[in-house]
Amino acid sequence: MQRNPNHTTIVTVEKVIEETPTVRTLVYSDDVMPNVLPGQFAMVWIPGVNELPMSVMISQESGKAAFTVRKHGAASTGLFNIQPGQKIGIRGPYGNSFDIKAGKLLLVGGGTGLVPMMRLITNLTPSHDVTLLIGAKTKDEVFFEDLANQLLKDNKHQVLVSTDDGSYGENGFVTDLVEKLVSENHFDGVYVCGPEKMMYKTVQSAHSRGIFVQASLERMMKCGVGICGSCCIGEDLVCHDGTIFDGEHLSKNKEFGYFHRNKAGILENY
Amino acid sequence: MQRNPNHTTIVTVEKVIEETPTVRTLVYSDDVMPNVLPGQFAMVWIPGVNELPMSVMISQESGKAAFTVRKHGAASTGLFNIQPGQKIGIRGPYGNSFDIKAGKLLLVGGGTGLVPMMRLITNLTPSHDVTLLIGAKTKDEVFFEDLANQLLKDNKHQVLVSTDDGSYGENGFVTDLVEKLVSENHFDGVYVCGPEKMMYKTVQSAHSRGIFVQASLERMMKCGVGICGSCCIGEDLVCHDGTIFDGEHLSKNKEFGYFHRNKAGILENY
Amino acid sequence: MNDTFKKGTRESNQLLYSKLGSIYTVDTNLATSIGSINLERPVMLASGILGISLDVFNRLYRSGAGAVVTKSLSTEPWEGYPNPTIFGLGGGGWINAVGLSNPGAANFAKMIEPNKDVPIVVSLVGSVPEDFEQMVKEFENCKVTAYELNLSCPHVAKVGLEVGDDPELVKQIVSSVKNTTNVPVIAKVGLGTTHYLKTVETAIDSGVDAITAINTVRAMAIDVETQRPILSNKFGGLSGTPIKPIALRCVYEISSKFDIPIIGCGGVSTWEDAIEFFLAGASAIQLGSAIGDNWIDVFSQINNGISDYMKKKNFSTIKEMVGLAKKS
Amino acid sequence: MNDTFKKGTRESNQLLYSKLGSIYTVDTNLATSIGSINLERPVMLASGILGISLDVFNRLYRSGAGAVVTKSLSTEPWEGYPNPTIFGLGGGGWINAVGLSNPGAANFAKMIEPNKDVPIVVSLVGSVPEDFEQMVKEFENCKVTAYELNLSCPHVAKVGLEVGDDPELVKQIVSSVKNTTNVPVIAKVGLGTTHYLKTVETAIDSGVDAITAINTVRAMAIDVETQRPILSNKFGGLSGTPIKPIALRCVYEISSKFDIPIIGCGGVSTWEDAIEFFLAGASAIQLGSAIGDNWIDVFSQINNGISDYMKKKNFSTIKEMVGLAKKS
Ligand SMILES: Cc1cc2nc3c(=O)[nH]c(=O)nc-3n(C[C@H](O)[C@H](O)[C@H](O)COP(=O)(O)OP(=O)(O)OC[C@H]3O[C@@H](n4cnc5c(N)ncnc54)[C@H](O)[C@@H]3O)c2cc1C
Ligand SMILES: Cc1cc2nc3c(=O)[nH]c(=O)nc-3n(C[C@H](O)[C@H](O)[C@H](O)COP(=O)(O)OP(=O)(O)OC[C@H]3O[C@@H](n4cnc5c(N)ncnc54)[C@H](O)[C@@H]3O)c2cc1C
Ligand SMILES: Cc1cc2nc3c(=O)[nH]c(=O)nc-3n(C[C@H](O)[C@H](O)[C@H](O)COP(=O)(O)O)c2cc1C
Ligand SMILES: Cc1cc2nc3c(=O)[nH]c(=O)nc-3n(C[C@H](O)[C@H](O)[C@H](O)COP(=O)(O)O)c2cc1C
Ligand code: FES
Ligand code: FES
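Chains as they are written, first to last, in this note's numbering: chain A, 3 to 272; chain B, 3 to 272; chain C, 127 to 454; chain D, 127 to 454.
Just to be clear, a hint being listed does not mean it is correct.
Stated by the list, open to error - Just so you have them, the derived chain C footprint on chain A, three or more residues with Cβ under 8 Å:
1. 89-102
2. 152-159
3. 232-241
Hints are computed from structural coordinates only; laboratory data are not their basis.
Glycine included, every Cβ here is placed at the ideal spot set by N, Cα and C.
So here's chain A without its partners, still in its complex pose:
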C-alpha cells in the first residue's frame, strides 16, 4: 500500500550535525523523503511541541534524508534540540519543485533557504554551469559552503559567500551581489530561497532583465495540503500552488515582498 502522505509517519533521528551554533541538520532513514523533488517540503511533528514546515534536506547516505533547522522560536528550538534516537513525525512531501533550465544557473540561498538549493544541485547535470551565492549575516552563520563545493565538483561552478558584516567572503547584502552578477553575466535561470526581502530583490533583478527566475516562498502553514488557507499570498496558496513561483507570476502579486499573514491570518508587513 502506498503511504498516505497526510498521515504522520514516525522516524527516528539517527544523527545530528552541528552546522552553526544555531543551525543543525537532523538525519533520519525513510522510504519517501530521500527522493522528493527539489523544493518540496514536509510537515515535521515534534511530539508534544509543535509541527513545522521544513524543506527536505538531502543526506549523502542512501535511504536517508534530513532537516536543517535554525533555532528560533519555541517550535524550531524544539526540533533543534532533538537528540539522536528521538522520534519525530513527518508528512508530505508537499509542494511543487523548481523547473531546471539548461545552461548557466544562478542559485541564491540565505540561511536555511540553502536547503532546497542543495537538493536542486543534486538534480543538475554535469553540463550545468552553476554559481551559488550564500548569504549570511556574519561568518559564524555560514554553512553548506563545503558541501556545495563538494556536490558541484563535477560541474563548472563557483560558490560565493557574502556576509552583511563582511566578516567572511564578500562584504554586503547578497542581493547586491545578485544585482551585480545578473547585470554583468548571462544566466539561463535564477533560483532563490531565503528571507522574503532577499527573494523579492533577487526576483526583481532577474525578472526586470527578462531572466527566468523562481523563488521558494515561506508562509505560515498549518495544514500543508491546501485546506486551511493560512499560507495564502494573494490568490495563491503557497503550500499547494507553490512553494515555488516564477518571476512572471510573482511580479503580479501584491503581497510578495511586503506582507505575510500571522497565525490569526492578519496581514503584517515584512
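Got chain A sorted already, so can you dock chains B, C and D with the ligands onto it with the hints?
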C-alpha cells in the same frame, strides 16, 4: 476505479423471458456480472420491495447477464413483475464457485437451481461428457431443456428431465434418477443445486460411492458478505464459505438436509 | 510513489494564471435558492476552508463555487491552536483542530469591503448575543449574502457546540442577530451533546432563515509510536467522507421534520454526494475536506456532474430534486 | 476485476476444515481483564456480527477472538427489517439496519447451553427492566462471561438509544440486571440524542461493571438513480473505519472522566487501531465490520500485530498500555 462489490449498482432490465408461468429470466447489461464464476450470486435489490440473493444467470448476448426468478413470496414476486425498462440494483458477485473435474460429469438442477448449472456448462470444455438432469414437479415447470441442449451441442451429452407426476420425461423424483445413474455409471464429478432435500440425497448417493460431489446451498441471506450471520449452517457461512460445499465437508455437517434458519435465526426443519 | 511526486510537476505558472482568469460556466441552469438567498450554483465553500482572503474567494468563485463561507470570525483575532492542527486519515477523512484561528471580524470586514462579485457568507462564532451583534455591525459596509452562525464547532470551549447545546443561548443569539440585520441568517448545527434537532427547532422558532447541517464530529487520533494524541488540542473535528452518511441522515431528518431551507454539509466529494443531499432535502451543499483530496477543481467537477445528471434525468432546476427521496 | 473474482477460487473444503480445527496461539501474553472479566486475548467479536450460532462462535474463538458477543437478544424472536439491511460504502464503511433480528433469548439460551469453551457475552435489548430480568433468567444454565446491555442501537424504535437516552430507564435497567445476576454487566453506549457521558455516568452509578463504546452512528444512504433511501428502514447505523476516530474520542473521554473498565468498539480493522484504543483507555476491543472486509482472519492478524508491537515496545501486558495516551 474498480467497482465496489458491496455498493449497489443500478441496472436496467432490458428483456424479460417467460420460462414457465412462474419463472422469468430478466436480462440486463453490466460490466461485472457477465463474467462471474459458475455458482456465484448477486444480491438483487427490487427498489421499494426487498433485496434477494440470486444466482447470476448467463445471457447469450455478450456484455449481458440475467436473473432467472421463480415467483414465490412478496420479494421474488416483486422481481418477477419487473418490466423491461425498469431498474434493479445489484451487488456482488459473492460466493465461491464449482471445482470443475475433467471427464464425465453429472449435473443436477431443480427449478431455479438450474441457473448455476447453465453457467457451469458454459465453463466446460468440449472434452467433457455431460449428463444434465432437470427435476420438476410437472411438465409446465420444465425450462432450460432446450437451452442446455444448445449449450452442450459440441459435447458428448444427454439432458434428462424427470417430473414428479410423470407428465413429462422420466416419472418420479430426480433423486431416484440420480441414484440410478451413479450406481450404474462412472462419474468424475457430480454438481447439484435445487431444493435442500434433493441436494442432500444427491450428495448422499454420490459421496457414499466416493464420487466427488458439490452442492450449492441456499440459506437466508441478509448481507451476503459474511457479516450478519443469517446464512450460517453449522460453523459455515454459506455466503462466504460457500455457497458451494463438497460432499466430504457436507457429510460432517449436522444441519445440511435437515435444518435451516428463518429470518429471526431460529432453526427450522425442512 | 508516482502520485506523491506528481504534485511536484506543476503546471507552468503561466498556465496556472490563465486558468485562474477564466470563469467556470456550464450550459444548464444550476441556480438554487436557500430561502431568500439566491445562488447561481449550488456548491458552496464550507467555513474554515481556505477562507481568509478575498483574493482566494475570488479564485474559488471563478472555479465554480456558488458562494464562499468565511472562516468563523470572532470579535477579537484568534491565533488558534498550535500545530499539529490537521491530520489526514486517508480515504477522504480528516481531523482538524485549527481552533477557529481568525483575524477577527473587524479586520476581516475591512478586507472584504472591496468585494462586488463573490457571494460571501460570513460565519460568526461567539459566546453571547452581544458578540454576534457587534460583529454584524462591523459588516455594515460589506456585500454580505448571509450570516452563518457557527453553533457547532466541536473542539473550542465556550463557543460552538457549547453554545449550540444551550437552547436558551441559541434563542437569544438568533433573535438578536435577526434584530440587528436584514441579511438572511443561517444556523450551522452539528452533533453535540444535546439533540441537534432541538437546536434546529429553537433556531427556527427564533427566526432563522436556513440551516446548515452539519459541522465536524468530535474525534481524535493517537500515534501508536509515540503513544500520544496527534493534534495539539488532542480532540478535533472529523470531516470528509467518513461523516457523509451521518450528515445526509441529519439533512433528511431536518427536512422531514421542519419546513426550512437546508444547506447540506459533510463529506461531499462527488456529484453523487451532492445529489444525495438534494434528494434528502438540501437546497445547496457546502464542502471543505474534498479540496484536500481533489483540490479546487472539485467545484467544477461536481457542478458538471450535477449538470449531466439533470440532463439525463430531465430535471430543469435543482429545486425539483430537493427532498425527492422522502417521497418513496 | 481480479479481486472480485478471487473469492470464487476458494480453498478446498478439506483445507478449510483442517484450518478450522486448529486453535489460534501466539507466543506473547495477550491476556487482559475488563474488571472481573478475564480474557486470554483482547479482541472480541462485536454484537450482531455472525452472532447467531454456537458453532460459529466456536470457530471464531479458535480463529483468535478473545470472546464473542451475541446478537442482541430480545424477549421474543424478531425477524428484523426486510432487505436491504446492509450497504457497503467502500473503504471499510458499512451502514446496516438489520433491525435486531434475533431468535429471542429463550431459544438462544437453549442453543448455547452446551458451550464450555467459548467466553460468550450475551447482549440484551429491551424496553423495560422486566425484559432484561426475564432474559437473564433464561441464561441461568449457560456459561455466560458477561451481559452486555445494548442501550444504543440507533435504528430500532423503543429499544436501544431510546432507552440509552433516558437516564431514569438506564438506571432501572442496570440496577435490576445487577440485582438478578452475579455475572458482570456491561453497558454499551453510543452517540444518541442526549450526552452519552450522562448515560455512562448513570450506568456507573447504577453499578455497571464495564462500558462498551460505541455502537453504530445513525446514518443513511440514498441511491441517486432511483432517488430512494437504500435500506428498507431508510436509516441505519454507520460502522467500520469511518467511525473509528469518533469511537476513539469517546473511549478517551470516558476513561478521562470515569474510573471504569472500557471496551473500545468502532472501526477497528488493524492492530494499530487496537493499540490506539488501548492507549486511549480501553482494556479490550470489539470489532465487527472489519470482518466484512478482511474476513475472520482479522482476529489473528490483529492479535499478531499487537503481539509484535508489545515485543518491540517492551510491554509485557496489555494493561501497561491502557490509557497511556492520557499521560502525555
Ligand atoms: C515551506 C517552508 C519550508 C521551510 N523550511 C525550513 C527549513 O528547512 N529550515 C528552517 O529552519 N526553517 C524552515 N522553515 C521555517 C520554519 O517552518 C519556521 O517558520 C521557523 O523555524 C520559525 O519557527 P518557530 O516556531 O521557531 O517560530 P515562532 O517563534 O513560533 O514564530 C516565529 C514566526 O515563525 C513563523 N512560523 C511559525 N510557525 C510556522 C509555521 N507552521 N509555518 C510557517 N511559518 C511559521 C511565523 O512567521 C511566526 O510568526 C520553512 C518554512 C516553510 C513555510
Ligand atoms: C445463493 C442463493 C441463490 C439463489 N438464486 C435464486 C435464483 O437464481 N432464482 C430464484 O428464483 N431464487 C433464488 N434463490 C432464492 C431466493 O433468494 C428467495 O429465497 C426465493 O425467491 C424466495 O423469496 P420470496 O421473497 O419470494 O420468499 P418469501 O415468501 O419472502 O419467503 C419464503 C422463504 O424464502 C426464503 N427467503 C426469503 N428471503 C430470503 C433471502 N434474503 N435469502 C435467502 N432466502 C430467502 C426463506 O426461506 C423464506 O422463508 C437463491 C437463494 C440463494 C441463497
Ligand atoms: C480545517 C477546517 C477548518 C474548519 N473551520 C471551521 C470554522 O471555522 N467554522 C465552521 O463553522 N466550520 C469549520 N469547519 C467545518 C467545515 O465547515 C465543515 O462543516 C466540515 O468540514 C464538514 O464538511 P466537509 O466534510 O466537506 O469538510 C472546518 C473544517 C476544517 C476541515
Ligand atoms: C450488521 C450489524 C449488526 C449489528 N447488530 C448489533 C446488535 O444486535 N447489537 C449491538 O449492540 N450492536 C450491533 N451492531 C453494532 C456493532 O456491535 C458495533 O458496535 C459497531 O458495528 C461498530 O463496530 P465495527 O465498526 O467494528 O463494526 C451491529 C453492527 C452491524 C454492522
Ligand atoms: S498551509 Fe493550509 S492551505 Fe496552505
Ligand atoms: S448473509 Fe450475512 S453472513 Fe451470510
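Tested hints:
1. 89-102: Three-residue rule met by the segment 89-102 of chain A, so holds; n is 9.
2. 152-159: violated (count 0)
3. 232-241: holds (count 5)
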